[in-house]
Every structure is written in structure tokens, then in C-alpha cells.
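K.L.:
Quick note, the sequence shown lines up with residues 1 to 344 if you use the UniProt record's numbering.
Just so you know, not all the hints are guaranteed correct.
Pairwise CB distance ranges, derived in the manner of DEER restraints [what the hints assert, rightly or not]:
hint: 1; residue 1: M55; residue 2: G285; range: 45 to 55 Å
hint: 2; residue 1: K283; residue 2: K62; range: 51 to 61 Å
hint: 3; residue 1: G285; residue 2: I65; range: 24 to 34 Å
hint: 4; residue 1: Q253; residue 2: E134; range: 47 to 57 Å
hint: 5; residue 1: R176; residue 2: D227; range: 17 to 27 Å
hint: 6; residue 1: S281; residue 2: E53; range: 47 to 57 Å
hint: 7; residue 1: K174; residue 2: R262; range: 12 to 22 Å
hint: 8; residue 1: L153; residue 2: E284; range: 48 to 58 Å
Hints in this document: simulated from the structure, not taken from any laboratory. All C-beta atoms in this analysis are idealised placements derived from N, C-alpha and C, irrespective of residue type, glycine included.
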Amino acid sequence: MICQNLNRNVCSLMGSKKLQQLLKSQEELEKKMQKELATKAQVEQEMIQLNRELMKTRAQRKQLIEDHCHMQAEIQPFSGDSPLLMGYVPDPTKPKQVAPIKVWDQQTQQLEQIQWQRQELISSYEFHTSSLREELLRQEEIKAQLKKKIHTLNARRTVQITQEEHIKSLQMEKPRIQKEAKAHLQNAQNDLVKEWRVLRHQLSDVEILLGKIMMGKHNHVLEHAADKSILNFTWQLQNENKQLHKEMGHLIQEAQQLEAQRTRLRRQKQQLQLQQCCLESIKEGRRRKLLIPCQKGQSSAKTTLAPFPDTLYSGPEEEQVKLWMFTFSFGLNVIFLQRINFSF
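Take the sequences, apply the hints, and build the full model.
P.N.:
Put into C-alpha cells, the structure is as follows:
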């Protein structure tokens, strides 16, 4: 019963408005405490930084005082010997007539000058990078065109190789064809001789049987027929020989044309390889030249302070002139190679 009563009391308290207000106020106090702790930590960090700066300024002041004392100690022996020279040295006891140097204004001027030079360098760098990107895109287009040409040349090369193989096979078959023609001619001559001998033997038999008069007539007819057959056969052989000579001449001309085409394609391939090597060397040179100015800029930023405007662009301008001269010579070489290609 007691536990139930306690639970009821707790529930009634949780549901009351006062408890909610207390919880809200507690949360607000916790937030304020967190903000105060954060501000306190920030103030402590700022105090630590200010103490460090104060220690640095004290050390610099101490060093300046020591340098001043050291300089006064060095000047003291010469103060009595050379009054003329000491007239140029300011006397610490007398009030200074020269206006004090405004170090802050001088530093602000130097800062403005550095910012102006930095802005100019950024603008020039952006201009050069944009021009180099355009040139790179142009060179990529040229490279794509060269790849297309190389592809077409490779196709021509395959055709040329097949033609060369066909020419070699024809040249290898040429002596065989000549031997076959000679053998065919020799066989035809042998056949004619055999037929002539047979006919002559038959004529001799006819002379014996029919007598001298009839023999003379038949001999004349047979000789005429034999001569006619021999002439026809020799005429056919001559025509075949002429046809073979014509075919050989055509084959020789085709072989010469294919050889000339092969030399021309070989030259075009060498020229395209040379152009591709030139493009790769230009890209490599530009990449190195882009890396060299960045390295020079980093080293100069570490070692120098506020360079004069007249000596600011001495290095990059010389490199730009060299780059322009190199691209101009490369353009002339490309134009010359294109003219050679058109001439071929």
C-alpha cells in the first residue's frame, strides 16, 4: 500500500506544471553552464596565445636593447677620435628632429603590393592554364586523326601484304609456266617430226606402188598439207607465247605498282610515327614546364620577400618564349609533312 501511494504521488508530481518548469529551468541552467565553460575555454586559449605573443615581444625587445647597447659600446671608442663621422650618428640625449618611420604603413604598403602581385600571378596562371588546355584539346584531336590514319594505313598494309604474297606466288609459278611452255612446244615439235616422218614413209610406199608421175603429184599434195599443218600449229604456239608474254608484262607492272605503293605506305607510316613522337615529346615538355614554374614559385616564396615588379616575370616569360618557338617550329614541321603527304 505504501509503495502504491508513493507511485501515485510521483505520477502526480510528474504531471504537475511546477515540475515541468523546474526541469526546463534546469536544462536552461545546464545550457548556460556549457556556454560559460566554452567561453571560458576560448578565453583561456586566447590568454595563452596573448601570453605567447607577449613573451615573443619581450624577447624581441630584449634582443633590440642588447643590440642597441652593443652598438653603443662599439661606437663609444670612436666618439672622441672622429667627431666628423659621429656627427652622422644620432645622439640619444638630443631630441630627434627626423620624423619616426611609420612601420605599420610601410608593412601595409608591402602587403598591398604582395596582394596585387599575387592577383596578377593568379590571373596569368589561369590564362596560361586555359591556353594550355585549349592546346591540349587541339593536340588530342590531332592525335585522334592520326590514329584514324594509322588504322587506314594498317588496313592498306594488310591489303598490300596479301598482294605481295600473290605476287610472290606468281613469281614462283613463272619458271614453272615457262618450263611447261617449253615442254609443250618441244612435244609439239616432236609430234610434227614424227608425223612428217610417217607421211614421208607413206609417200615412199606410194611412189613404189603408183609410179613416178603419180608419186610426184601425191608427194606435192602431202607436202603442202604437212606444211599447212605445221604453219597452223606454229601460229597457234606463237599466239599462245604472245598471250603469255602479255600476261607476264601485266603481272610485272602490277608488281611494280604494288612495290611503289608499299614504299609510299611505309613512308607515310614513318611520318605518322614521327608526328606521334613529336606530340608525345611536346606533351611531356609541357608537363615538365608546368611542374617547373610551380616548383620555382614554391622555392621563391620560401626564400624571398616582396619581389620588385620589374623582376617578377623574367623566368616565365623566357619559358613562354621558348614554348612559342617550339610550337612554331612544330607547326612548320607538321605543314611540311602534310605537303609531303599530299605530294605522295
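K.L.:
For each hint, tell me whether it holds in the structure or not.
P.N.:
The hints, checked one at a time:
1. At roughly 52 Å, the beta carbons of M55 and G285 sit within the given window of 45 to 55 Å.
2. At about 58 Å, the beta-carbon gap between K283 and K62 stays in the expected band of 51 to 61 Å.
3. The given range of 24 to 34 Å is broken by G285 and I65, whose C-beta atoms sit roughly 56 Å from each other.
4. Checked against the given bound of 47 to 57 Å, the beta carbons of Q253 and E134, roughly 50 Å apart, stay inside it.
5. For the pair R176 and D227, the supplied restraint of 17 to 27 Å is violated, since their beta-carbon distance comes to about 33 Å.
6. For the pair S281 and E53, the supplied restraint of 47 to 57 Å holds, since their beta-carbon distance comes to about 54 Å.
7. Checking the proposed 12 to 22 Å range against K174 and R262 shows it holds: the Cβ atoms sit about 20 Å from each other.
8. Take L153 and E284: their Cβ atoms lie about 25 Å apart, and the range 48 to 58 Å is violated.
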